[in-house]
Amino acid sequence: MTFLRTFLVVLLLIPAAFDLPARAQQPPPQQQDEFIPIEKLPPQDQLPAAPLLVAAYSFVALALFAYVVSVARRLGSVQQELNRLESELKRSGRT
Amino acid sequence: MPKWFTPAVVICGLMFAVAPILIAEAPYESTMGLVQKIFYVHLPSAWMFLLAAITCGVASVRYLFRGNPRQDRIAWSAAELAVLFGAITLVTGPLWARKAWGTWWQWDVRLTSSLMGWMVAVAYLLLRKYGGPGSDKLAAGLALFGMANVPFVYISVNYWRTIHPTTNVVPTLPTSFGVPLWFSAVTFLLLFVLLLRMRIRLEEQRTRLDALYLAMDEHR
Amino acid sequence: MFARIVWLVLRKDFTVEVRSLEIAYTTLFFAISCVLVFAFALVQEGRAPEGGAAGILWIAIAFAGTLALGRTFERERQSETLRALLLAPAARPAVYLGKLLGIVALLLAAEILLVPLVTLLFQAPLLEHPAWLAVILVAGTIGFAAVGTLFAAMLVRVRSRDVLLPVLLYPITVPVIIAGVRATAALLEPQPDAGIIRFWLALLACFDVVFVTLALWTFEPLMTD
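From first to last, the protein sequence lines are chains A, B and C.
With the first sequence counted from 1, adding 1427 to any position gets you our numbering.
With the second sequence counted from 1, adding 77 to any position gets you our numbering.
With the third sequence counted from 1, adding 26 to any position gets you our numbering.
Incorrect hints may appear among the rest.
As the list claims (entries may be wrong) - What follows is a set of in silico ranges between Cβ atoms, one per label pair, in the way DEER data are often shown:
#, chain 1, residue 1, chain 2, residue 2, range
1, B, T83, C, V182, 30 to 36 Å
2, B, P210, A, P1478, 56 to 62 Å
3, B, P242, A, A1493, 47 to 53 Å
4, A, P1478, C, R185, 55 to 61 Å
To be verified - Derived list of chain B stretches under chain C, where covered just means 3 residues or more per stretch with a C-beta under 8 Å from a C-beta of chain C:
#, stretch
5, 181 to 193
6, 203 to 216
To be verified - In silico contact screen, one side only, chain A against chain B (beta carbon under 10 Å); selected entries:
#, residue
7, L1480
8, L1509
9, S1519
In case anyone wonders, no lab produced these hints; they're calculated from the structure.
All residues carry an ideal CB built from backbone N, CA and C; glycine is no exception.
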């Protein structure tokens, strides 16, 4: 218990240990002065967003689906094994 | 499975069907445009990742000091979910960053500590799978150390100059962005609860199986 | 009583080690080989990469440390002395602390050899501020060893312990390594900024306290069967 108390006290003292002040602000976005057609931008800025967006959402869907299938399969095989064992025990007669 | 499970699955499915509509109707963000819409899955996944890590940590502490086997099952299930949602966060983030920051990855505090936290979760699963007997308590110890990482991940962006958006963004979200975000977050939370419950059931069945094998051995 | 147990464990480890010096020699040699491999891999046209020295030093410490931890507890496992230690009427945290100090001493000895070697091979002015460097090294080593001792001890009876130790250890100790590297790199600047060094040292101190406290707290339940 003493260790828990010590730990909590130290945790509270952690912010006091830091010298540098908090830097939370992001620089404000640049104000646009003029309109530039997209072809004139450097190649990096011309990156189309749609493939990235589609890739992101597809990955989410795939990952979640794959996990659900994985758990369901494992559950199914364990359940099968359980049923098999229980019927075996019933046959051989449980005391 | 408990009675609330099937209705909850139906509700969750419906919410997942409605969410894209809300997301599509949300306005474009001024500087990032279309790619910002990844936000609506990236942020809830990140929250679920942190929630899973905390769940695993708390359950591990309780297992380590009280020995309640149910806590061990919760901890293992939560660790798997942490790997799942962590992976989603760590993939959707760079896909967004590629367009928004011009680079796939930055070694700033938030990204580095998230990656490390995710690796701790993977290490937990490896230990459970390959550690053999006794690895349940050891994994609990590992999860404890990993949980110390969580508050660090969350507040790190506020104390270090970093390219990642700070925690100030969410509280100041305009409603047009907020509605799809919170809807998406609740959907993910419901999914998290369902997946956790399902995974815990798997552990419960495994425990019953082990007990049955043990009983069979004793009868011979 | 607590301090006496710590001292007894430390003295036992030291006595056993001094007889054969097996772990000391192999760890030192491994650390040196590590640095040499980096030197061969990274030196181009006779010049070392900019600012690589800090990272290489800490990587060598991390690798050598993992090796030393594995070997130390392997020796305990083979002689079954760990079980004897745990059965003894001694406070478990004291046993942990004794083992921790032994590992720290071993790693510091390795670092005393590594620092001049890295200075030489990578032309890095590591020895310009020896006091600062010593503090950074001690703080980082304690943080790394605190987690390492706990994990190595708890893995003693686990299968695949050799590969699992690095797998478990590195993600947890990455913050310590990062802080150590940043502090050392700041020290290597032509005009070291005391503020930055103090910042990273404060972070290292925090990690040390957190890790040692957590380890002391969990050593008892983790080492019980």
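Hint check results:
| no. | hint | verdict |
| --- | --- | --- |
| 1 | B/T83 to C/V182: 30 to 36 Å | violated, 46 Å |
| 2 | B/P210 to A/P1478: 56 to 62 Å | violated, 48 Å |
| 3 | B/P242 to A/A1493: 47 to 53 Å | violated, 29 Å |
| 4 | A/P1478 to C/R185: 55 to 61 Å | violated, 44 Å |
| 5 | 181 to 193 | holds (count 3) |
| 6 | 203 to 216 | holds (count 9) |
| 7 | L1480 | holds, 6 Å |
| 8 | L1509 | holds, 6 Å |
| 9 | S1519 | holds, 8 Å |
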